[in-house]
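Given these sequences and hints, build the entire structure.
Per the numbering used here, residue 1 is the first one in the sequence shown, and the count goes up by one each step.
Each hint can be trusted.
List of simulated lysine-lysine pairs, DSSO-like, C-alpha gap at most 30 Å:
| # | residue 1 | residue 2 |
| --- | --- | --- |
| 1 | K135 | K153 |
| 2 | K149 | K135 |
| 3 | K173 | K128 |
| 4 | K115 | K173 |
| 5 | K149 | K115 |
| 6 | K120 | K173 |
| 7 | K135 | K167 |
| 8 | K120 | K135 |
| 9 | K128 | K78 |
| 10 | K162 | K135 |
| 11 | K120 | K167 |
| 12 | K78 | K167 |
| 13 | K173 | K117 |
| 14 | K162 | K173 |
| 15 | K135 | K148 |
| 16 | K153 | K167 |
| 17 | K100 | K111 |
| 18 | K162 | K115 |
Quick list of simulated restraints, FRET-style, between CB atoms:
| # | residue 1 | residue 2 | range |
| --- | --- | --- | --- |
| 19 | I54 | N157 | 55 to 65 Å |
| 20 | E125 | T155 | 41 to 51 Å |
| 21 | K120 | K173 | 22 to 32 Å |
| 22 | S96 | T56 | 46 to 56 Å |
| 23 | E125 | D70 | 16 to 26 Å |
| 24 | A170 | G84 | 13 to 23 Å |
| 25 | D169 | N93 | 19 to 29 Å |
| 26 | S92 | R172 | 19 to 29 Å |
| 27 | E58 | T90 | 46 to 56 Å |
Honestly, the hints are just simulated from the structure, not real lab data.
We treat Cβ as the ideally placed atom computed from N, Cα and C, and that holds for glycine.
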Amino acid sequence: MKKSWVLSIIMSFVLLGGVFAPAGSYVSAADDSTTTYSEDEYYEEVDTSEQEPIPTVEEEDFLNYLDQLDMASVYEEKAFNALGGGFYITSSNRKSVFLKLTNTAIPNYTKYVSKLKLIKPQNTELQKIHANLIKGSYTQLEGFQLAKKAVSKTTVNSAVLKQANAKIDAGRKISRSFTKISLHMPINLDLIYKKQ
Numbered sequence: 001m002k003k004s005w006v007l008s009i010i011m012s013f014v015l016l017g018g019v020f021a022p023a024g025s026y027v028s029a030a031d032d033s034t035t036t037y038s039e040d041e042y043y044e045e046v047d048t049s050e051q052e053p054i055p056t057v058e059e060e061d062f063l064n065y066l067d068q069l070d071m072a073s074v075y076e077e078k079a080f081n082a083l084g085g086g087f088y089i090t091s092s093n094r095k096s097v098f099l100k101l102t103n104t105a106i107p108n109y110t111k112y113v114s115k116l117k118l119i120k121p122q123n124t125e126l127q128k129i130h131a132n133l134i135k136g137s138y139t140q141l142e143g144f145q146l147a148k149k150a151v152s153k154t155t156v157n158s159a160v161l162k163q164a165n166a167k168i169d170a171g172r173k174i175s176r177s178f179t180k181i182s183l184h185m186p187i188n189l190d191l192i193y194k195k196q
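Structure follows, in structure tokens:
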């Protein structure tokens with residue numbers, strides 16, 4: 001037992017001695033012709049910081065436009081969240097749908113449309129795209145108002161409800177065309193993601 005203990009202490013000193021006094025230090029101390037190593041000789045300094053691309057005027061307009069849309073979309077989101085992504089109207093949930101439309105969905109969607117009307121893009125292509133977005137959103141608002149009218153009485157007016165659904169669908173199609181058109185704009189997407 002004592003032999004193994006003594007052996008482990010000796011091995012520890014040998015191993016630790018290599019760490020405290022590396023063999024190379026004795027050799028370089030004895031030799032006067034040591035060479036110095038400089039990283040500068042072999043590596044050149046590279047700037048690793050990412051350079052942000054400078055946006056063009058069109059890209060800057062588009063980014064400003066997206067910022068303004070983002071501020072307006074808060075109201076659109078509140079309106080759609082109130083409706084739960086769609087609704088099936090029956091005589092039992094008619095009153096609940098009416099209250100959601102009256103108290104939350106229509107007021108918030110009205111604010112959304114009015115905020116959209118305040119946005120004035122500088123680029124002519126963006127102006128055309130934005131006009132389609134306003135048209136689609138306003139058509140959906142008219143659909144919500146018709147849906148409210150359809151459920152305002154104790155019985156659901158199915159003819160008015162069909163008109164409301166048609167308006168909402170037409171507005172969605174126009175709004176989707178906004179998305180398709182805006183995807184064809186020549187914008188550097190790196191700028192959009194860096195801004196977020």
